[in-house]
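Peer 1: The primary structure of each chain is shown beneath.
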Amino acid sequence: MPLPDDFRETTKHTRDVGSHAAANLRFIRETMESAGSFTAVSGWGQVVIGATAVVAAIVAARQPTRVRWLEAWLLEAALAVTIAGVAMAAKARRNGLPLFSRSSRKFWPAFTAPLAAGAILTAAFVARRIFDPLPGVWLLLFGTAVVAGGAVSVPLVRIMGMCFFALGVAALVCPPAWGDAMLAAGFGGLLAVFGVAIARRHGG
Amino acid sequence: MGNARPKSRVDRSPELARPAERSATAERLDRVIHERVRLGIVSALAVNEALTFRELKSLLRVTDGNLSVHARKLERAGYVACAKSFDGRLPRTTYRLTAAGRRALSRYLDHMEAVIRAARRG
Chain B
40 MPLPDDFRET
50 TKHTRDVGSH
60 AAANLRFIRE
70 TMESAGSFTA
80 VSGWGQVVIG
90 ATAVVAAIVA
100 ARQPTRVRWL
110 EAWLLEAALA
120 VTIAGVAMAA
130 KARRNGLPLF
140 SRSSRKFWPA
150 FTAPLAAGAI
160 LTAAFVARRI
170 FDPLPGVWLL
180 LFGTAVVAGG
190 AVSVPLVRIM
200 GMCFFALGVA
210 ALVCPPAWGD
220 AMLAAGFGGL
230 LAVFGVAIAR
240 RHGG
Chain G
490 MGNARPKSRV
500 DRSPELARPA
510 ERSATAERLD
520 RVIHERVRLG
530 IVSALAVNEA
540 LTFRELKSLL
550 RVTDGNLSVH
560 ARKLERAGYV
570 ACAKSFDGRL
580 PRTTYRLTAA
590 GRRALSRYLD
600 HMEAVIRAAR
610 RG
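As given, the protein sequences belong to chains B and G, one line each in that order. Using this note's numbering, read the first sequence as starting at 40 and increasing by one per residue. Using this note's numbering, read the second sequence as starting at 490 and increasing by one per residue.
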């Protein structure tokens, strides 16, 4: 039996209003994503990484060769990336926020480019058997990555990046023997201190 | 979202409603927030402690005049608070979402969700 015109019109109208409401919600969400800062950085994740970095500094300092020393820190880097990934995913899930929002799409390229530069410089130095500048280079370029990514994040992240940057400069001018202590101060101390502040102010 | 932008169908939807629905919808719908630019301002301020006039203008891609008019309407409704200061010699206008504005956005979101649920049932 054909539907009456009136009923069909009402159904179409209801559907239209529903799709307009959905478009409005989409608009609100997109505006919030564009305007929002990247706050998926997990403060508590940083605290855990800080603890593992202190252990890594102790272990690395006791290695008999420079290659073994490098391996210890590379292992710590892989562990830190895993912890950071898990912690950020957990924070995003807990706060009901998307891990890959519009601001995160701006954050990641800015953050990873200096890290990639750091990896290339590390490979180039190691190929020439040069190890002494590595702690300074790592701290400096990690600081650069955090400052660059921090442009779309909360101010605390940018301040943390600047502290890493300053520590990197200090590590480059300090005696090479201080390398592990500098790395412990940065990836252990700074990450943990700022991690607690980020966790308290920005939801975990 | 600029001045020249034709009024969206969303904006007109309450007027398109059938008489019985129209009164109910209009009664519940917050017309202050329902307009696109104002909705954008409120949404942007909801995820920021404060935003300057320039930041809002760049974010929403609207003209100075358009943004001022809509921001003033929100201010009059008590949904945003405006503070004027100077950054060196340049005037700086900063907007914040008030508690009333946050409540209004929350109500609006509830309303939109209810409309979608009703449309799905229909």
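These aren't lab readings, by the way, just hints derived from the structure by calculation. Being a predicted model, the structure only gives us computed values, none of them experimental. Check each hint, because a few of them may be wrong.
[Stated by the list, open to error] Cross-link-like lysine to any residue pairs, in silico, SDA-like; alpha carbons within 25 angstroms at most:
1. G:Lys562 <-> G:Ala608
2. B:Lys145 <-> G:Lys562
3. G:Lys573 <-> G:Asn555
4. G:Lys546 <-> G:Arg609
5. B:Lys145 <-> B:Trp83
6. B:Lys145 <-> G:Lys573
7. G:Lys546 <-> G:Leu598
8. B:Lys145 <-> G:Arg543
9. G:Lys562 <-> B:Arg65
10. G:Lys573 <-> B:Met71
11. G:Lys546 <-> B:Ala62
12. G:Lys546 <-> B:Phe66
13. G:Lys546 <-> B:Ala187
14. G:Lys562 <-> B:Leu64
15. G:Lys562 <-> B:Ser73
16. G:Lys546 <-> B:Val193
17. B:Lys145 <-> G:Arg592
18. G:Lys562 <-> B:Ala187
19. G:Lys562 <-> B:Ile122
20. G:Lys546 <-> B:Ala190
21. G:Lys562 <-> B:Arg68
22. G:Lys546 <-> B:Trp83
23. G:Lys546 <-> B:Arg65
24. G:Lys546 <-> B:Val191
25. B:Lys145 <-> G:Ala535
26. G:Lys546 <-> B:Glu72
27. B:Lys145 <-> G:Thr541
28. B:Lys145 <-> G:Ser547
29. B:Lys145 <-> G:Arg550
30. G:Lys573 <-> G:Asn537
31. B:Lys145 <-> G:Val536
32. G:Lys546 <-> B:Pro194
33. G:Lys562 <-> G:Arg520
34. B:Lys145 <-> B:Arg168
35. G:Lys573 <-> B:Ile122
36. G:Lys573 <-> B:Pro194
37. B:Lys145 <-> G:Asn537
Peer 1: Would you mind marking each hint as holding or not holding in the structure?
Peer 2: Against the structure, the hints come out as follows:
Under the criterion of a C-alpha separation no larger than 25 angstroms, the hint pairing lysine 562 of chain G with alanine 608 of chain G is inconsistent with the structure, at around 30 angstroms. Between lysine 145 of chain B and lysine 562 of chain G the CA atoms are separated by roughly 32 angstroms; this puts the pair beyond 25 angstroms, and the hint is violated. A C-alpha spacing of about 18 angstroms is found between lysine 573 of chain G and asparagine 555 of chain G, which places the hinted pair at or below 25 angstroms, so the restraint holds. For the suggested pair lysine 546 of chain G and arginine 609 of chain G, the alpha carbons sit about 36 angstroms apart, so the restraint of at most 25 angstroms is broken.
With a CA separation close to 23 angstroms, the supplied pair lysine 145 of chain B and tryptophan 83 of chain B stays within the 25 angstroms bound. Distance restraint check for lysine 145 of chain B and lysine 573 of chain G: the Cα-Cα separation of roughly 30 angstroms exceeds the 25 angstroms cut-off, and the hinted pair is therefore not satisfied. Taking the CA atoms of lysine 546 of chain G and leucine 598 of chain G, the gap is near 23 angstroms; set against the 25 angstroms cutoff, the hint holds. A threshold of 25 angstroms between alpha carbons decides the hint, and for lysine 145 of chain B with arginine 543 of chain G the separation of about 20 angstroms falls inside it, so the pair holds.
For the hint pairing lysine 562 of chain G with arginine 65 of chain B, the CA-to-CA distance comes to about 23 angstroms; that is within 25 angstroms, so the pair holds. A hinted pair counts as satisfied when its Cα atoms are at most 25 angstroms apart, and lysine 573 of chain G with methionine 71 of chain B qualifies at roughly 24 angstroms. Distance hint between lysine 546 of chain G and alanine 62 of chain B is fulfilled; the C-alpha atoms sit about 22 angstroms from each other, no more than 25 angstroms. Taken as a hint, the lysine 546 of chain G and phenylalanine 66 of chain B pair is honoured in the structure, with Cα atoms around 16 angstroms apart against an allowance of 25 angstroms.
Distance hint between lysine 546 of chain G and alanine 187 of chain B is fulfilled; the C-alpha atoms sit about 24 angstroms from each other, no more than 25 angstroms. For the hint pairing lysine 562 of chain G with leucine 64 of chain B, the CA-to-CA distance comes to about 21 angstroms; that is within 25 angstroms, so the pair holds. With a C-alpha separation of about 23 angstroms, the suggested pair lysine 562 of chain G and serine 73 of chain B falls inside the 25 angstroms cut-off, and the hint holds. Among the hinted pairs, lysine 546 of chain G with valine 193 of chain B is consistent with the structure: their alpha-carbon atoms are about 21 angstroms apart, no more than 25 angstroms.
Pair hint lysine 145 of chain B plus arginine 592 of chain G does not hold up; C-alpha atoms about 30 angstroms apart against a cutoff of 25 angstroms. Using a Cα cut-off of 25 angstroms, the hinted pair lysine 562 of chain G and alanine 187 of chain B is violated, with the two alpha carbons roughly 37 angstroms apart. This hinted pair does not check out: lysine 562 of chain G and isoleucine 122 of chain B have alpha carbons roughly 47 angstroms apart, beyond 25 angstroms. Simply put, lysine 546 of chain G and alanine 190 of chain B have alpha-carbon atoms about 19 angstroms apart, close enough for the 25 angstroms limit, and the pair holds.
At most 25 angstroms may separate the alpha-carbon atoms for a hinted pair to count; lysine 562 of chain G and arginine 68 of chain B meet this at roughly 22 angstroms. Distance restraint check for lysine 546 of chain G and tryptophan 83 of chain B: the Cα-Cα separation of roughly 35 angstroms exceeds the 25 angstroms cut-off, and the hinted pair is therefore not satisfied. As the CA atoms of lysine 546 of chain G and arginine 65 of chain B are separated by approximately 20 angstroms, the hinted pair is consistent with the 25 angstroms bound. A distance of roughly 17 angstroms separates the Cα atoms of lysine 546 of chain G and valine 191 of chain B; the hinted pair therefore holds under the 25 angstroms criterion.
For the given pair, lysine 145 of chain B sits about 20 angstroms from alanine 535 of chain G by alpha-carbon distance, which is consistent with the 25 angstroms threshold. Note on lysine 546 of chain G and glutamate 72 of chain B: the hinted pairing holds, with a Cα-Cα distance of about 16 angstroms set against a maximum of 25 angstroms. A C-alpha spacing of about 21 angstroms is found between lysine 145 of chain B and threonine 541 of chain G, which places the hinted pair at or below 25 angstroms, so the restraint holds. For a cut-off of 25 angstroms, the pair hint linking lysine 145 of chain B to serine 547 of chain G stands: about 16 angstroms separates their Cα positions.
This hinted pair checks out: lysine 145 of chain B and arginine 550 of chain G have alpha carbons roughly 19 angstroms apart, not beyond 25 angstroms. For the given pair, lysine 573 of chain G sits about 18 angstroms from asparagine 537 of chain G by alpha-carbon distance, which is consistent with the 25 angstroms threshold. With a CA separation close to 17 angstroms, the supplied pair lysine 145 of chain B and valine 536 of chain G stays within the 25 angstroms bound. The suggested pairing of lysine 546 of chain G with proline 194 of chain B holds, with an alpha-carbon distance near 21 angstroms, which does not exceed 25 angstroms.
Between lysine 562 of chain G and arginine 520 of chain G, the direct Cα distance comes to roughly 11 angstroms. Compliance with the 25 angstroms bound is thereby established for this hinted pair. Pair hint lysine 145 of chain B plus arginine 168 of chain B does not hold up; C-alpha atoms about 36 angstroms apart against a cutoff of 25 angstroms. Distance restraint check for lysine 573 of chain G and isoleucine 122 of chain B: the Cα-Cα separation of roughly 44 angstroms exceeds the 25 angstroms cut-off, and the hinted pair is therefore not satisfied. A threshold of 25 angstroms between alpha carbons decides the hint, and for lysine 573 of chain G with proline 194 of chain B the separation of about 22 angstroms falls inside it, so the pair holds.
Of the pairs offered as hints, the one joining lysine 145 of chain B and asparagine 537 of chain G holds, with about 17 angstroms between alpha carbons and a cut-off of 25 angstroms not exceeded.
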